[in-house]
Amino acid sequence: MSQPFRTEKGGRIDRGAQLSFNFDGETLQGHKGDTLASALLANGIHLVGRSFKYHRPRGILTAGSEEPNALVGIYRQGDQTPNMRATQVELYEGLEAISQNRFPSLGFDIGAVNDLMSPLFPAGFYYKTFMWPKAFWDRVYEPIIRAAAGLGKPPKNPDHDKYANLYAHCDVLVVGSGPAGLAAALAAAETGARVILCDEQAEFGGSLLSEDGATIDGKAASEWVAETIAALEAKDHVTLLPRTTAFGYFAQNYVALAERVTEHLSDPDPKLPRERLWQLRAKEVVIAAGAIERPMVFPENDRPGILVADAGRTYLNRYGVKVGHKVLVATACDTAWQAAFDLADHGTEVVAIADLRHNPPENLIAIAEARGIRVERGCVITGTNGRKRVSGALLGRVSPNGAVSSAGEVTCDAILMSGGWTPTVSLYSQSRGKVVWKEDMGAFVPGLHVQNERSAGACHGVYGLTETLADGYAAGEDAAKAAIGKTAKLTYATASGADAGTGGTLGDLPHDRNASRVKAFVDYQNDVTAKDVKLAVREGMHSIEHIKRYTTTGMATDQGRLSNMNALQIASTALAKPLTDVGLTTFRQPFTPTTFGTFASTSRGDFFDPVRKTPSHDWAVAQGAAFEDVGQWKRAWYFPKDGEDMHAAVARECAVARESVGLFDASTLGKIEVVGPDAAEFLERMYTNPWKKLAPGRCRYGLMLNDAGFVIDDGVVGRMAEDRFHVTTTTGGAAHVFATMEDYLQTEWPDLDVWITSTTEEFAVAAVQGPKAREVIAPFVEGIDLSADAFPHMSVATGTFCGVPCRLFRISFTGELGFEINVPRRHGKMVWETLAKEIEKHNGVPYGTETMHVLRAEKGFIIVGQETDGTVTPDDLNMNWAIGKKKADFVGKRGLARPDLVAEGRKQLVGLLTEDPKVVLEEGAQITKDANPATGTPAEGHVTSSYHSPAAGRSIALAIVKNGRALMGETLNVPMPDGAIPVEVVEPIFYDKEGARLNV
Amino acid sequence: MLLIHCPYCGVERPEIEFSCRGEAHIARPADPSATTDEEWAEYLYLRTNTKGVYAERWRHIHGCGRFFNAVRETVSDKFLKVYKAGEPKPDLDQIAKEAGK
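Note that the protein sequences, when read in sequence, are chains A and B.
1 is the number of the first residue of the first sequence in the working numbering; add one for each residue after it.
1001 is the number of the first residue of the second sequence in the working numbering; add one for each residue after it.
You can take every hint at face value.
With a Cα cut of at most 20 Å, we get these calculated SDA-like pairs of lysine to any residue: (1) K283(A) x S1076(B); (2) K1078(B) x N452(A); (3) K1089(B) x Y744(A); (4) K634(A) x D606(A); (5) K1078(B) x A1099(B); (6) K283(A) x L1002(B); (7) K887(A) x D875(A); (8) K962(A) x G865(A); (9) K893(A) x Y1045(B); (10) K886(A) x A1034(B); (11) K893(A) x A1034(B); (12) K837(A) x F780(A); (13) K283(A) x P1014(B); (14) K893(A) x D869(A); (15) K1078(B) x A482(A); (16) K1078(B) x G248(A); (17) K1084(B) x E742(A).
Some residues of chain A that are not near chain B, with every Cβ distance over 12 Å (derived): (18) T7; (19) G73; (20) D115; (21) D478; (22) S601; (23) K962.
Please keep in mind that the hints were generated in silico from the structure rather than gathered at the bench.
All of these numbers come straight from a predicted model, not from anything done at the bench.
We treat Cβ as the ideally placed atom computed from N, Cα and C, and that holds for glycine.
Sequences and hints are given; from them, build the entire structure.
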């Protein structure tokens, strides 16, 4: 018969519902209501993993989310999710789990050799060992460390699961559904407050689910839980969230909850998400997170079969599982005695209760003696035996002066231990509250409050069932009063049994073994021993934050909930400083590991970032265009034909645009409508250029600086009317320019009568460029005289195009005759397709951003962000012509007079020609005087743009070079890995220097 | 995520609707050309960067679009006061005292 460690009766499992599951290839049986951990224990399996560093066999240590050892991979939908805590994985039919960090098998693991070599792996091992040679890092150390690091294997495929996200508000959030949490929820709900009660477990009740001895208001604890949940469920204003972890507490009572929706189901509804992220804003919070039991730090305290005592009691009372047949209980506090009594009452042999204290309470001793249990006082475990399962323990007698003498050996197949209780103050700490030390309890408890929260029950340092319930009711009343101003006094339930115990210990325990040879674990998950913490102190780590990072203690996924207090005491002793002077490390979010999927929610794939498309997008896709991302925009990059590569396609597009005509989608350019009586004055202040004399119907190139004097944007501005301007910006700068304009308008010059509106998305813009441009557009234009005299370069007019309203600009970013047709966006597709057909009559081409870049570079037109980097002035760009000299002020004018901006030796825009016309320089390459400059020689400048130019018949480049204008005709060098490339400094213009092609 | 009260909309809204634009009450000199290099550098670059009670500019960029000023305690992230652009700078010491900082 399977499940040899299952009790005859009792527990909350459904004994009628048997479930099959698979662990490391073996099929096993469990019951509905089991966790994977309890089902494994029922089958007598303690060994579930290998430890992180030493590959020591490890078993299930706890019954909760703080579990450090029992991390397994779970198969779901053909892939496995690593590092799931077996203590939280609910059993379902067909569940498949694998152990981790072992090769080739859990029973025989080659990595376990690390344990024998452990003297070679002290604290700070990585820092000490892999120092040199430096070249070994990339090829030797890092690959080895990476291969050995981590426990589980990451899944190989994209996450198949869905995740959901929701925002919620409530009056009172109660975290934790033990006695304090339930009482708080009852009290708060009674007032009519909107209450959310969440608990990380599948069932509400917390410690009450494994509390067999106590009664509340005369009822069994489990019965009281059921009635309480029913009462809460009956209220419409109460939301109950099981399997929901409050993992992060942020500013202004913003609490993040992760709800596990389908993970516990064997055949979940595919419409449902795996997890749901609740972004909750709670007016008031009650933290009822309970306390966790500390392991005792004695030599070999990590063998499979050694658990914390309350976990042993939980497995017995809640899951009907005995952790062993011969159990040794080692403790320093009262509560573990109850675990021993419960086990004895279920027929398990309790071989001894070894209490560190010399005088444990007499009433407990009497109960033990009545059950015939051997009691050892002033007794510690000094070592354990057994490789894959504990088989016995060495006992030691602690004399009042602290010396330890052997007290014999006992045989056992499980050990329950209890070093006392640590209040779970993680969420409270995340709320930025400051804990205070309670000497009498040997614990940190909540102190100063920063946010609207209060703790209740064990996490508040309140123990004993009646006291815990009272603390919970009071917290619920207080929270509701603060949230909605109402009170409703409930009669507090009272309990009998489950009284507060006494006792507890911190730090490592004394023993009579060779201290340098034994391992007493403090942080199980990171394999940190008491010895490591002491070594860190000896090596000069005196702050707990340093000790934590040097040893990695407390850096496990439980954020140190299990290990921190023991580590702190060991450090405190080693430093000979009071524990409170050593300090406590910060508890960070998340409280328990939270999947990336939960954070990402639906923001994946197409929903990760918005995609902006122009009206010609679909047409360009159909033409086989290659695209590039420009911010969120998808822009056609080039239009390859007949298997052309980019180089060939761009060369053809460039040539045709200059010979005949090219069509380019300029819709992405930023557009801002500036309107009002003071519109011209506003532009005078925002741009370097003068605007007041610009006549309606004319355009001007505008240069925008920041107040430091550096170029931040540029674009053509058309004056549509006396009080109305059509401003264009760079594609990438549109949002920033608009925000900057708003900033000055609202905060510096609120007296100006101007409105600005972003019209980027209102207009579709088709640029028609080339000698045939006028012929191409003429058939579709009405209401505008296109002749050179009536509509010269830098003109703008309104009319219709293909019968739709248009703003027609005669401007050019290519050096050719050019028009930009702005039509309402809804007509953009029609206009584009009309023009695309029309240019075919002239053997024209559509061209993309790459050709646009080449054509403008041939003319020496800058691109802000390419030729400029935020430290470039108009003078650096040879653009002093764009500055309105007579203006008293504009943004950047004062900055331009700063000493550094008028100093000699600034970098200036020049052209570069390589000696070999076929060599195209790399953009961003550094420029030096010497071909082989000495190491450390500062560069003279860098290449900003570089292309093969069809018009020039050779490579061309633009660059920013120190004193560049004075270096015309000189040779500089561009050092590259294969040797320096000599370049000649030339004027930054490579085609039609006179601009004759524009005036046609 | 912080909740911020917009003095123009009159409501609290989540932080993602806002953008912070640095220290408040740094007025652009009325006649920049009359400033010395030191004065201009101070206007451009020097900020108090207080640890404690600090007046700063915010914009309800994904809401009404308005710029306003807020007094924030930079350690606790608590907003102690919000007010419209153009209103005088409040007495930060007084606000700090009232907030018990």
